[in-house]
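Asks: Chains as they are written, first to last, in the working numbering: chain A, 1067 to 1374; chain B, 61 to 433.
Do not take every clue at face value.
Stated by the list, open to error - FRET-style restraints, in silico, Cβ to Cβ:
1. GLY244/B to GLY1070/A: 50 to 58 Å
2. GLN1122/A to GLU329/B: 18 to 26 Å
3. GLU329/B to TYR1095/A: 32 to 40 Å
4. ILE1345/A to PRO175/B: 51 to 59 Å
5. VAL1143/A to ARG120/B: 21 to 29 Å
6. GLY1265/A to SER345/B: 32 to 40 Å
7. ILE1260/A to SER345/B: 47 to 55 Å
8. PRO175/B to ARG1182/A: 25 to 33 Å
9. THR224/B to GLU1178/A: 52 to 60 Å
Note that these hints are calculated values from the structure, not bench results. Given the structure is predicted, the values throughout are model-derived calculations rather than measurements. Note that beta-carbon positions come from the ideal geometry of N, C-alpha and C, so glycine has one too.
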Amino acid sequence: MNQGKEPNFISAVIYVRNNGATIPKFLQYVHERLEQNFTEFEIICVNDASTDLSEQKIREAAKDFSCAVTIVNMGYVQGVELAMNAGCDIAIGDFVYEFDFADKTWPDDMMEQLYRKMQEGYDIVSACPTGKIKLSSRMFYSVFNRFSNIKAKIRSEAFRLISRRAMNRASAMNHAQMYRKAVNANSGLAQTFIEFDPGKEMSVDKESAKERRGLAMDSLILFTDIGYKIAFIMSIAMLIFAAVVGIYTVVIYATGHPVEGWTPIMIFLAIGFFVLFAILTFVIKYLSLILNLNFRRQRYVVGSVDKL
Amino acid sequence: MKSNKFDRIIIGGGIYGLYAALLCARKNESVLVLEKESECFARATYVNQARVHLGYHYPRSLSTAAATAGYFDRFVSEYPECINGAFDQVYATSTHFSWTNAEQFEKFANAAGIPAKRAAVEKYFKDGVCDGAFLTTEVSFDAKILKERMLKDLAAYPEVTIRTSAPFTGIERKDDAYVVTAGGETYETSFVLNTTYACVNEITSLAGFEPFRIKYELCEVILCEVSEELRDVGITVMDGPFFSIMPFGKTGLHTLTSVTFTPHETCYEELARFDCQKKSQGTCSPGALGNCNTCPAKPKSAWPYMEKLAKKYLDERFAFTYVGSLYSMKPILVASDVDDSRPTAIKIHSEGPTFLSVLSGKITTVYDLEEIL
Chain A
1067 MNQGKEPNFI SAVIYVRNNG ATIPKFLQYV HERLEQNFTE FEIICVNDAS
1117 TDLSEQKIRE AAKDFSCAVT IVNMGYVQGV ELAMNAGCDI AIGDFVYEFD
1167 FADKTWPDDM MEQLYRKMQE GYDIVSACPT GKIKLSSRMF YSVFNRFSNI
1217 KAKIRSEAFR LISRRAMNRA SAMNHAQMYR KAVNANSGLA QTFIEFDPGK
1267 EMSVDKESAK ERRGLAMDSL ILFTDIGYKI AFIMSIAMLI FAAVVGIYTV
1317 VIYATGHPVE GWTPIMIFLA IGFFVLFAIL TFVIKYLSLI LNLNFRRQRY
1367 VVGSVDKL
Chain B
61 MKSNKFDRII IGGGIYGLYA ALLCARKNES VLVLEKESEC FARATYVNQA
111 RVHLGYHYPR SLSTAAATAG YFDRFVSEYP ECINGAFDQV YATSTHFSWT
161 NAEQFEKFAN AAGIPAKRAA VEKYFKDGVC DGAFLTTEVS FDAKILKERM
211 LKDLAAYPEV TIRTSAPFTG IERKDDAYVV TAGGETYETS FVLNTTYACV
261 NEITSLAGFE PFRIKYELCE VILCEVSEEL RDVGITVMDG PFFSIMPFGK
311 TGLHTLTSVT FTPHETCYEE LARFDCQKKS QGTCSPGALG NCNTCPAKPK
361 SAWPYMEKLA KKYLDERFAF TYVGSLYSMK PILVASDVDD SRPTAIKIHS
411 EGPTFLSVLS GKITTVYDLE EIL
């Protein structure tokens, strides 16, 4: 009995948002794979206030499953990050599969591949699609990886496998985990990915797509200093420009014969803008400090401790 | 032949049945207790967490909490020999997914007038999983010792008869009396009390009375052997999909239960209808529930799930291992789901002759019987 099955307890957390069409097949797939490979497992569906028949479809599909199936219904639409956090908080497994899209684009044995890879000593293993990735996604990841100070690079992921250790680490690091990938990448634990060719684009609900775009903007601002850098440079540039205009006005007044009234107006404008941009520069610096104190609050991050 | 006439007939030999018998016997009435099983306390009275509730479980129903607290003192002082109070009962509120947080729990306990002293969360739990822990004064009872005590109390009254292996099969009205058939014999009385808990609707349907609106849950209580650190500790994480591990009376074992994994199957029909009944080899059907604990078709244990859930919360020093599972059917009044209260429901089906049904979820509310007897 249970020959060749792994004894570890597995949780599968699936984000569901108006996926009524794909969810029954998807659940079948996840359940079948888990049953083949593991003795104990559970499936958690996080229903992010779907307006279609998703919940009903889940109930129907899961009726004959051999494992515990939990549906976490979000009170209102909260987006993939918060919803998946809720799902992961309720998961009890040693290892957790996180499916952000209830749509299978990967080869059947991808779940096992991730698990086997993890046994090689990784805490986070992701399945990453190659090829057809949307331009907007590619741009986001390249800007993110260029400007964030996170060591590990992040990229498009279809789903991932996370150890209990990594989950505990992530939740201890940041209670407001608004972007799990970035927090995971920041955890200092070993992580890797396996690539696959999806063949098609993942189907994302229109509303979800809009949210994911919003999330992308927020993450760029929170996890990278690109916003701060741009604003800071621009206000410094304007500060210098205002100073130059001031000097130019004084020079013209001393050497030429400006129209009456020109000099006081220019002096006022130059000094006014100089002070304004000086204040702005401080405010931007200030805001970024507050952001750091509040959001990136973490004492230290230890990758591992090796005793020799 | 000894008379088959009784002042009162009580159906069901659980704690409610035996306590009702005792109340009647004290009034010098002749009483007959009819029990389906071969011994009393074979089902729900034995198969449960063995928690003597002081009301902590009902942070969303102050009235239930207050009523429970009132009964607690009485039960503990009346049956001291079956009480195990020699352990620290810890209640904790989960950081995530709890309907109640630490502050709310503290406020509730104060309002209900039940003690709850803040304890160090990290002493019992892993980092970050709970936002508050409280030391309480709840105790556990031992059903086997309680049974011996109650049977001893009843033995002092010769007018009390207890018939085991006597399943109730029918009732007929004859003028001002009922003729009850059970275990192949007939008995006559003018007062029938139905205290059969999970079988309550089975009896009312045989008698042609209105049923209770209940749902049925097939529940599993896991018995554990625990490490030294956990021996004198009971831990309950609330208020939501969590778990509890606490001493099982004076047996030396702990029970492990969880809100999500303890109920295996749920049935919303008037009479309990479950798929497993087909495999019960004829011992169980919707109209005649068998004993889940001895059933050949009892479900596979949810131990792997409950173990993981408990380990996700408990500090590493607490260890526990599987010993066995107890199963029983639990009826839950449908109306009590929202505020999580467990009132005692009493239905008067007929008067002169009288037929009553009582349904309650807790051991200590047995004192509610005094209202009707």
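Asks: If a hint holds in the structure, say so; if it doesn't, say that too.
Replies: The hints, checked one at a time:
no., hint, in the structure
1, GLY244/B to GLY1070/A: 50 to 58 Å, "holds (54 Å)"
2, GLN1122/A to GLU329/B: 18 to 26 Å, "holds (21 Å)"
3, GLU329/B to TYR1095/A: 32 to 40 Å, "holds (33 Å)"
4, ILE1345/A to PRO175/B: 51 to 59 Å, "holds (57 Å)"
5, VAL1143/A to ARG120/B: 21 to 29 Å, "holds (26 Å)"
6, GLY1265/A to SER345/B: 32 to 40 Å, "violated (53 Å)"
7, ILE1260/A to SER345/B: 47 to 55 Å, "holds (52 Å)"
8, PRO175/B to ARG1182/A: 25 to 33 Å, "violated (53 Å)"
9, THR224/B to GLU1178/A: 52 to 60 Å, "holds (55 Å)"
Violated hints for the displayed structure, listed by number in ascending order: 6 and 8.
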